[in-house]
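J.: Go by the hints and put chain B onto chain A.
2 protein chains.
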Amino acid sequence: MSDCDVELLPIEILASKIEKQEITASELVERMLGRIGNHDSKIEAFVRVSDTAKAAAHQADEDIRNGLYRGSLHGIPIGIKDNYLTEDMSTTAGTKVPDISFPNTDATAVHLLREAGAILIGKTNMHEFAWGNVTPPTKNPWDRNRVPGGSSGGSGAAVAASFCSAALGSDTGGSVRIPASLCGTVGLKPTYGLVSKSGIITHSWSLDHPGPLTKTVTDAALILNVLAAFDSEDPSSRKIAVPDYRRSLGQSIKDLRIGVCRNHFFGQNDSEVEAAVESAIEELTELSAGLVEFELPNLQYGLGAIFTIELASSSCYHDRSLKAGLQKGFQPDVRTLVEAGKFITATDYLKAEQFRRVLMRDLAKVFESVDVIVVPTTPITAWELDQTTVRIGDADESVLAVSWRLTYPFNLAGLPAISLPCGFDSRNLPIGMQIAGKPFAEDVILRVAHAYESRHDWHHRTPNL
Amino acid sequence: MSDCDVELLPIEILASKIEKQEITASELVERMLGRIGNHDSKIEAFVRVSDTAKAAAHQADEDIRNGLYRGSLHGIPIGIKDNYLTEDMSTTAGTKVPDISFPNTDATAVHLLREAGAILIGKTNMHEFAWGNVTPPTKNPWDRNRVPGGSSGGSGAAVAASFCSAALGSDTGGSVRIPASLCGTVGLKPTYGLVSKSGIITHSWSLDHPGPLTKTVTDAALILNVLAAFDSEDPSSRKIAVPDYRRSLGQSIKDLRIGVCRNHFFGQNDSEVEAAVESAIEELTELSAGLVEFELPNLQYGLGAIFTIELASSSCYHDRSLKAGLQKGFQPDVRTLVEAGKFITATDYLKAEQFRRVLMRDLAKVFESVDVIVVPTTPITAWELDQTTVRIGDADESVLAVSWRLTYPFNLAGLPAISLPCGFDSRNLPIGMQIAGKPFAEDVILRVAHAYESRHDWHHRTPNL
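Protein chains in written order, with this note's numbering: chain A, 5 to 469; chain B, 5 to 469.
The following block holds chain A by itself, in its conformation from the complex (with noise of 0.2 Å):
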């Protein structure tokens, strides 16, 4: 790697040479504007960049020039997904109604990451209002033919082509993992409660998870030491005792049972991911107190809990704009959901909590004997811009349902679980691999995560733009 390719750095090496003024904020974001200046135009990750981003490049290099430097984070350009609302960015949430606006303020996590010290250098496409997996028009940096998943494609795209060193997306039924998963980035998804949802447009409340995506491991955890913070403004935020979380990468896992559940999450994938996943498993269990085996009864369920819901709570978010007619302007896919959900009774919607709730009492008991839970992320690689089927094994099916039917049972849990790259299928299309822990153990997670990307040279392999 080049001086010139300093903007592919992950901020875990980023963050040391701005704190020894190797280099400048400035410099940095100067180099991800020109970046996005000469590429975005092919990506469109993003769907507004920051005139403020240089100034605050300006002030991060004066402060630290001053004596204040704010910590890893300080003058590290971040995309935010399009629904984390930004004093000095307009906030659409994908949509084109003219009609529907946010306000100019910043969410909690914006906010918190300008009190790092980190530039926010854009907004990033999303899928209109979180309810999708493909995030038109964003193409994915690996083959600008396919997508890059959603609904936090933009952020997926921008991190993958390194337009910023990270980006903030929200994970409803895997919209984190998923553009993660498929455009060769970290992406995680903290336990629901850890990181406020104040500002961030809703889709699901009870669903809806902010997270990071990363080029590294570290970084996810630098991210969320930043983060992960009681909020008064989030009724669902839960007051935890926070580590840092950088403290448990490089140790060991030896310690730690690798779990493995055999129905739902394998046999129904493409045959390069699931190899490259068995692959991956059998590196953990080396490295770890050993593999447990193990089936999750009722997950058969669980879409129907999960659509049940999720439908209900965008029709009840959406409610006025329905009443006003505004959803005529939603894109057609998402104007059927939202109408759809209209007509979700209250009995159905409560099944579905208490299916939820069934789901959470048999994931309690498998953590019992499992510290982790290691699946595929999707059981598929990018599909093509125009491909709405996929063939696996002898049936053709839906890339929308296939898509997140790996990553949606952590949502309805509301468990840790990151996704991180294993492996390119035999289009150089990167595979990824999930991660899922104990309510609030993130330290976990990421100490798994870190162990095997360590021994990889996955997260140092960059898209040809």
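Calculated from the structure, these hints are not laboratory results.
Since we're looking at a predicted model, the values are computed, not measured.
Take the hints with a grain of salt, since some may be wrong.
Remember, identical chains collapse to one label, so a pair may be satisfied in a single copy or spanning two.
[Claimed, not checked] Cut-off 25 Å, straight-line C-alpha distance, at most; resulting in silico cross-link-like pairs (DSS-like, lysine-lysine):
{"hint": "1", "residue 1": "Lys442", "residue 2": "Lys243"}
{"hint": "2", "residue 1": "Lys355", "residue 2": "Lys332"}
{"hint": "3", "residue 1": "Lys100", "residue 2": "Lys46"}
{"hint": "4", "residue 1": "Lys332", "residue 2": "Lys346"}
{"hint": "5", "residue 1": "Lys58", "residue 2": "Lys24"}
{"hint": "6", "residue 1": "Lys327", "residue 2": "Lys24"}
{"hint": "7", "residue 1": "Lys58", "residue 2": "Lys258"}
{"hint": "8", "residue 1": "Lys327", "residue 2": "Lys346"}
{"hint": "9", "residue 1": "Lys346", "residue 2": "Lys58"}
{"hint": "10", "residue 1": "Lys46", "residue 2": "Lys24"}
{"hint": "11", "residue 1": "Lys58", "residue 2": "Lys46"}
{"hint": "12", "residue 1": "Lys243", "residue 2": "Lys327"}
{"hint": "13", "residue 1": "Lys442", "residue 2": "Lys369"}
{"hint": "14", "residue 1": "Lys24", "residue 2": "Lys243"}
{"hint": "15", "residue 1": "Lys46", "residue 2": "Lys369"}
{"hint": "16", "residue 1": "Lys58", "residue 2": "Lys21"}
{"hint": "17", "residue 1": "Lys58", "residue 2": "Lys332"}
{"hint": "18", "residue 1": "Lys100", "residue 2": "Lys327"}
{"hint": "19", "residue 1": "Lys100", "residue 2": "Lys243"}
{"hint": "20", "residue 1": "Lys58", "residue 2": "Lys369"}
{"hint": "21", "residue 1": "Lys21", "residue 2": "Lys46"}
{"hint": "22", "residue 1": "Lys258", "residue 2": "Lys369"}
T.: Positioned in the frame of chain A, the structure of chain B alone reads:
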């Protein structure tokens, strides 16, 4: 009080008589069964009298003779609302539908009472599936032309008539406190999650609160001492450090601020009720750190919110019965409600839950400047059996709508609230006053209630049977 009136005594006095063997549990149970035999044909408080109570009392006496005294409830006859499962008595939850049956196991609360040595003397009548405030055919012991309230009407009537020393009830919108108020007993609805709901037939699980109806505040503390315990069988059970609730009784309330909510809870009550409660508030003000008057915003939406949640949850619970057409056998009023609940949409339900959160936040804010809230329990005293409307001021109102107006806010918010007698109206009907507190501040509301009770003899009055 003569020796032959021993069954009229509260637990706080009976307990030491039993411990000292001045009276045996067998004698007490015989007297209670005699009273039930002589008088319950007029009151109809019980649906089923235990045929194992005498044997249990005999065993309780033998245990005491053998030095195994289990505490204040040892040998005390207690009535059980017919929605608590009991191993030795069938359970009907107030329904006459023959195809609906329930298992013969003990609910957690029942199990805890047995472990504490209590004698379960019978199952008390209730409004079908706890869906109403009338409890036919039970009559109010103070005036048999009047209702006992509901849905725990049998428990209220049984305690008032001294058919048992205390009884269990359950409170979804006021179903412990309303019959307590109308029958002149104490009724305690603990904080949501303090007492296990496991083994109680569900009405609306996010609103259902098990609790005791007793003759005195001390008796309520003695029963709560036994019932308050974490239970892994109830998903909403909370792990809370449980104090000895008796310890705070008799202590000064000079350090406590008495809050009175001037909107919603006053101005639309029977004038005798309002005068009695105002007088009690004056008295408490003198005993305490003083009066704080306030208004609660948003309460105008409360009835819609709780009704939506209750209808939806109840219909979800009865979904299988509805699919099998069994609701045709429900009482007409209950059938209407359970069928209507099917048409609540998930959007309606979620908006109601959002209101609940707003109310909880509003109340949490109030409790920054007050320690308890004192208001009437019911706007009116016991109404006539066939009465459907009541005139309050210039308005005719439905007695059913009126009856839970002042109790339901504390179900929605899940806060502890106790009802205790604070006078009698000119028809010699009991008037109830309600004291609510912060989550898990049962010790505080019991202390205030006891401070008031100890200055009056309302609780010594008994109805003529």
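J.: Each hint needs a verdict: does it hold in this structure or not?
T.: Hints, verified against the model:
Taking the shortest Cα distances, Lys442 and Lys243 sit within 25 Å of each other both inside one copy (16 Å) and across copies (19 Å). In the homo-oligomer, the alpha carbons of Lys355 and Lys332 lie at most 25 Å apart only across protomers (23 Å), although the nearest pairing inside one protomer, at 30 Å, exceeds that limit. Within a single copy, Lys100 and Lys46 get their C-alpha atoms as close as 21 Å, which meets the 25 Å cut-off; across copies the closest is 71 Å, which misses it. For a Cα distance limit of 25 Å, the shortest separation of Lys332 from Lys346 inside one copy, 15 Å, qualifies, whereas the shortest one across copies, 29 Å, does not.
Taking the closest pair of Cα atoms, Lys58 and Lys24 come within 25 Å of each other only inside a single copy of the chain (20 Å); across copies the shortest separation is 84 Å, beyond that limit. In this assembly of identical chains, the alpha carbons of Lys327 and Lys24 never lie at most 25 Å apart, being 56 Å within a copy and 71 Å across copies at closest. In this homomeric assembly, Lys58 and Lys258 never come within 25 Å of each other (Cα to Cα): the closest approach is 46 Å inside a single copy and 61 Å across copies. In this assembly of identical chains, Lys327 and Lys346 lie within 25 Å of each other by CA distance both inside one copy and across copies; the values are 11 Å within and 22 Å between.
Proximity of Lys346 and Lys58 under a CA criterion of 25 Å is satisfied in neither setting, with 45 Å inside one chain copy and 57 Å between copies. Taking identical chains as interchangeable, the C-alpha atoms of Lys46 and Lys24 are never at most 25 Å apart, the minima being 35 Å within one chain and 90 Å between chains. With identical chains, the CA atoms of Lys58 and Lys46 are at most 25 Å apart within one copy only, with a shortest distance of 23 Å there and 86 Å across copies. When the C-alpha separation of Lys243 and Lys327 is checked against a cutoff of 25 Å, the pair qualifies neither within a copy, at 37 Å, nor between copies, at 43 Å.
In this assembly of identical chains, the alpha carbons of Lys442 and Lys369 lie at most 25 Å apart only when taken from the same copy (11 Å versus 33 Å across copies). Taking the closest pair of Cα atoms, Lys24 and Lys243 never come within 25 Å of each other, the shortest separation being 35 Å inside a single copy and 49 Å across copies. Taking the closest pair of Cα atoms, Lys46 and Lys369 never come within 25 Å of each other, the shortest separation being 47 Å inside a single copy and 52 Å across copies. In this assembly of identical chains, the alpha carbons of Lys58 and Lys21 lie at most 25 Å apart only when taken from the same copy (18 Å versus 83 Å across copies).
Taking the shortest Cα distances, Lys58 and Lys332 never come within 25 Å of each other, neither inside one copy (38 Å) nor across copies (71 Å). In this homomeric assembly, Lys100 and Lys327 come within 25 Å of each other (Cα to Cα) only inside a single copy, at 18 Å, whereas the closest approach across copies is 43 Å. Taking the shortest Cα distances, Lys100 and Lys243 never come within 25 Å of each other, neither inside one copy (37 Å) nor across copies (48 Å). When the C-alpha separation of Lys58 and Lys369 is checked against a cutoff of 25 Å, the pair qualifies neither within a copy, at 51 Å, nor between copies, at 42 Å.
Proximity of Lys21 to Lys46 under the C-alpha cut-off of 25 Å is found in neither arrangement, the shortest distances being 30 Å within a copy and 88 Å between copies. Within a single copy, Lys258 and Lys369 get their C-alpha atoms as close as 22 Å, which meets the 25 Å cut-off; across copies the closest is 48 Å, which misses it.
Of the numbered hints stated above, those contradicted by the structure are hints 6, 7, 9, 10, 12, 14, 15, 17, 19, 20 and 21, listed in ascending order.
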